[in-house]
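J.: Sequence:
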Amino acid sequence: LPAVTDALKMIKLAQESNIDVIGVVVNRITGEDYEMTPEQITELLGVPVISQIPEDRNVPLSLGQKQPVVSYDPDSPASVEIKKLAANLTGRSYTPPKPKGFWQRFFERFVGQ
1 LPAVTDALKM IKLAQESNID VIGVVVNRIT GEDYEMTPEQ ITELLGVPVI SQIPEDRNVP
61 LSLGQKQPVV SYDPDSPASV EIKKLAANLT GRSYTPPKPK GFWQRFFERF VGQ
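Residue numbering for the sequence shown follows our numbering, starting at 1 and increasing by one per position.
Accuracy of the hints is not assured; some may be wrong.
[What the hints assert, rightly or not] As a list, the in silico BS3-like pairs of lysine-lysine whose alpha-carbon atoms are at most 30 Å apart:
| hint | residue 1 | residue 2 |
| --- | --- | --- |
| 1 | Lys66 | Lys100 |
| 2 | Lys84 | Lys9 |
| 3 | Lys84 | Lys100 |
Hint data in this document are derived by calculation from the structure and do not stem from the laboratory.
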(Lines of atoms letter the chains of each structure in order from A and count residues from 1; the text may use other names and numbers.)
(Lines give C-alpha, C1' and ligand atoms only; values in the text may rest on other atoms or scores of the structure.)
Protein backbone atom coordinates (compact mmCIF):
# COMPACT_ATOMS: atom_id res chain seq x y z
CA LEU A 1 0.00 0.00 0.00
CA PRO A 2 2.82 2.54 0.63
CA ALA A 3 3.96 2.12 -2.98
CA VAL A 4 0.42 2.78 -4.22
CA THR A 5 0.23 5.88 -2.04
CA ASP A 6 3.53 7.07 -3.54
CA ALA A 7 2.17 6.37 -7.03
CA LEU A 8 -0.92 8.44 -6.25
CA LYS A 9 1.29 11.37 -5.24
CA MET A 10 3.36 11.03 -8.43
CA ILE A 11 0.25 10.89 -10.61
CA LYS A 12 -1.09 14.03 -8.94
CA LEU A 13 2.25 15.79 -9.42
CA ALA A 14 2.39 14.76 -13.08
CA GLN A 15 -1.16 15.96 -13.70
CA GLU A 16 -0.41 19.30 -12.02
CA SER A 17 2.49 19.63 -14.49
CA ASN A 18 0.16 18.84 -17.43
CA ILE A 19 1.81 15.46 -18.02
CA ASP A 20 -0.52 12.69 -19.18
CA VAL A 21 -0.24 9.47 -17.19
CA ILE A 22 -1.23 6.54 -19.39
CA GLY A 23 -0.99 3.96 -16.63
CA VAL A 24 1.10 2.39 -13.93
CA VAL A 25 3.43 -0.59 -13.78
CA VAL A 26 3.10 -2.80 -10.73
CA ASN A 27 6.38 -4.45 -9.79
CA ARG A 28 7.29 -7.56 -7.77
CA ILE A 29 3.90 -9.26 -8.01
CA THR A 30 3.75 -12.53 -6.08
CA GLY A 31 0.09 -13.42 -6.46
CA GLU A 32 -0.45 -13.57 -2.70
CA ASP A 33 -3.96 -12.95 -1.39
CA TYR A 34 -2.88 -9.85 0.53
CA GLU A 35 -1.79 -8.01 -2.64
CA MET A 36 -4.08 -5.46 -4.18
CA THR A 37 -5.63 -6.54 -7.47
CA PRO A 38 -5.03 -4.53 -10.64
CA GLU A 39 -8.69 -3.51 -10.48
CA GLN A 40 -8.28 -2.17 -6.94
CA ILE A 41 -5.13 -0.27 -7.92
CA THR A 42 -6.84 1.20 -10.99
CA GLU A 43 -9.82 2.28 -8.91
CA LEU A 44 -7.60 3.90 -6.28
CA LEU A 45 -5.23 5.64 -8.71
CA GLY A 46 -7.66 6.51 -11.48
CA VAL A 47 -5.30 5.17 -14.17
CA PRO A 48 -5.01 1.62 -15.54
CA VAL A 49 -2.42 -0.94 -14.59
CA ILE A 50 -0.58 -1.41 -17.89
CA SER A 51 1.85 -4.07 -16.71
CA GLN A 52 2.46 -6.42 -13.80
CA ILE A 53 6.08 -7.46 -13.39
CA PRO A 54 6.30 -10.62 -11.27
CA GLU A 55 8.71 -11.24 -8.42
CA ASP A 56 11.56 -13.09 -10.10
CA ARG A 57 14.68 -14.52 -8.47
CA ASN A 58 16.57 -13.73 -11.67
CA VAL A 59 16.36 -9.98 -10.99
CA PRO A 60 18.75 -9.94 -7.98
CA LEU A 61 20.93 -12.54 -9.73
CA SER A 62 21.18 -10.27 -12.77
CA LEU A 63 22.04 -7.31 -10.56
CA GLY A 64 24.85 -9.35 -9.02
CA GLN A 65 26.20 -9.89 -12.53
CA LYS A 66 25.68 -6.18 -13.38
CA GLN A 67 23.36 -7.09 -16.23
CA PRO A 68 19.76 -6.18 -16.98
CA VAL A 69 17.49 -9.13 -16.28
CA VAL A 70 16.40 -9.15 -19.94
CA SER A 71 20.04 -9.87 -20.88
CA TYR A 72 20.82 -12.19 -17.97
CA ASP A 73 17.80 -14.44 -18.52
CA PRO A 74 15.72 -13.27 -21.51
CA ASP A 75 13.03 -15.88 -20.89
CA SER A 76 12.58 -15.27 -17.16
CA PRO A 77 9.10 -14.20 -16.01
CA ALA A 78 10.19 -10.61 -15.29
CA SER A 79 12.04 -10.35 -18.62
CA VAL A 80 9.01 -11.54 -20.56
CA GLU A 81 6.73 -9.00 -18.86
CA ILE A 82 9.25 -6.19 -19.39
CA LYS A 83 9.43 -7.07 -23.09
CA LYS A 84 5.62 -7.12 -23.31
CA LEU A 85 5.52 -3.67 -21.69
CA ALA A 86 8.17 -2.30 -24.05
CA ALA A 87 6.30 -3.67 -27.06
CA ASN A 88 3.03 -2.21 -25.80
CA LEU A 89 4.55 1.23 -25.23
CA THR A 90 6.22 1.30 -28.66
CA GLY A 91 3.29 -0.11 -30.60
CA ARG A 92 5.14 -3.28 -31.53
CA SER A 93 4.10 -6.87 -31.15
CA TYR A 94 5.83 -9.37 -28.91
CA THR A 95 5.19 -13.07 -28.68
CA PRO A 96 6.50 -14.61 -25.47
CA PRO A 97 8.55 -17.80 -25.82
CA LYS A 98 6.86 -21.11 -25.16
CA PRO A 99 7.55 -22.27 -21.60
CA LYS A 100 10.48 -24.65 -21.44
CA GLY A 101 9.98 -28.15 -20.13
CA PHE A 102 11.70 -29.49 -17.05
CA TRP A 103 14.36 -31.44 -18.96
CA GLN A 104 15.18 -28.57 -21.28
CA ARG A 105 15.71 -26.26 -18.29
CA PHE A 106 17.73 -28.96 -16.52
CA PHE A 107 20.10 -29.46 -19.43
CA GLU A 108 20.50 -25.73 -20.04
CA ARG A 109 21.32 -25.09 -16.42
CA PHE A 110 23.46 -28.08 -15.55
CA VAL A 111 24.88 -29.25 -18.85
CA GLY A 112 25.14 -25.82 -20.43
CA GLN A 113 23.49 -26.68 -23.73
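J.: When the structure is checked against the list of hints, which entries are broken? Sort them ascending.
T.: none
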